[in-house]
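Peer 1: Sequence:
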Amino acid sequence: MKTTDTTRLHEQLHYLKLPWIKENLEDLSTKAAQSKWTYIDFLSALIEGETNQRMDRATHRRLAAARFPVIKTLDTFDWSWPKQINQLEVRDLFRLRFIKEHQNVIFLGGCGLGKSHLAAALGHEACLKGYRVLFTSIAELINHLLAAQTEHRLKTEIKKVLRPELLILDELGYIPLDKHGADLLFQGHLPTV
Numbered sequence: 001m002k003t004t005d006t007t008r009l010h011e012q013l014h015y016l017k018l019p020w021i022k023e024n025l026e027d028l029s030t031k032a033a034q035s036k037w038t039y040i041d042f043l044s045a046l047i048e049g050e051t052n053q054r055m056d057r058a059t060h061r062r063l064a065a066a067r068f069p070v071i072k073t074l075d076t077f078d079w080s081w082p083k084q085i086n087q088l089e090v091r092d093l094f095r096l097r098f099i100k101e102h103q104n105v106i107f108l109g110g111c112g113l114g115k116s117h118l119a120a121a122l123g124h125e126a127c128l129k130g131y132r133v134l135f136t137s138i139a140e141l142i143n144h145l146l147a148a149q150t151e152h153r154l155k156t157e158i159k160k161v162l163r164p165e166l167l168i169l170d171e172l173g174y175i176p177l178d179k180h181g182a183d184l185l186f187q188g189h190l191p192t193v
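Going by this note's numbering, the residue at position 132 of the sequence shown is 132; the numbering climbs one at a time, nothing skipped.
Treat the hints with caution; some may be incorrect.
Said to hold, decoys possible - With a cut-off of at most 30 Å between alpha-carbon atoms, the simulated DSBU-like pairs for lysine-lysine come out as follows:
(1) K36 - K17
(2) K31 - K17
(3) K100 - K159
It is worth saying that the hints were derived from the structure and are not from the lab.
Being a predicted model, the structure only gives us computed values, none of them experimental.
Turn these sequences into a full structure, and let the hints steer you where they fit.
Peer 2: Spelled out as structure tokens, the structure:
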């Protein structure tokens with residue numbers, strides 16, 4: 001490529017918001033020439049690189065928007081405790097069919113058994129698979145909604161909470177709810193997931 005052609009091409013790639021192609025064009029074109037790629041192979045490699053970068057950025061945005069307190073995965077879960085956990089059933093949840101089928105999942109058990117870990121890991125997997133997720137504790141959610149109600153923006157905040165395909169409500173039952181908070185959560189203002 002001529003220098004002027006490259007400059008103009010870089011301007012166009014910048015305008016079209018194709019940063020990966022802009023950054024990798026010369027290296028990839030050299031590789032394509034050396035390997036005798038077809039035009040289609042070269043174009044495919046450029047598009048694949050740009051697509052992968054966009055998908056990675058979208059995943060990072062979903063993970064940030066999910067507001068996980070700590071990133072947890074199924075791989076880091078300690079299956080040795082509790083001993084009664086149905087590992088096959090839990091692993092099946094990570095296929096995420098319940099999201100597509102609009103079903104609820106509830107982890108029940110005492111403190112320290114890994115319910116929050118599994119919930120966060122499930123949310124993390126959903127983010128990786130392209131789903132929008134929100135992770136919050138019940139207390140945090142109710143406090144947020146009560147503040148929004150006081151500021152006359154409850155409808156807007158409820159829409160934000162309901163936007164994700166997966167809403168993870170952690171620590172249900174650990175902190176007693178007052179009547180007003182319980183009404184916000186259970187009386188039709190906010191469906192639980």
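Peer 1: Each of the hints needs a verdict: does it hold here or not?
Peer 2: Each hint tested on the structure:
1. K36 - K17: holds, 28 Å
2. K31 - K17: holds, 23 Å
3. K100 - K159: With a Cα-Cα distance of about 20 Å, the restraint between K100 and K159 holds, given a limit of 30 Å.
In summary, this structure violates none of the numbered hints.
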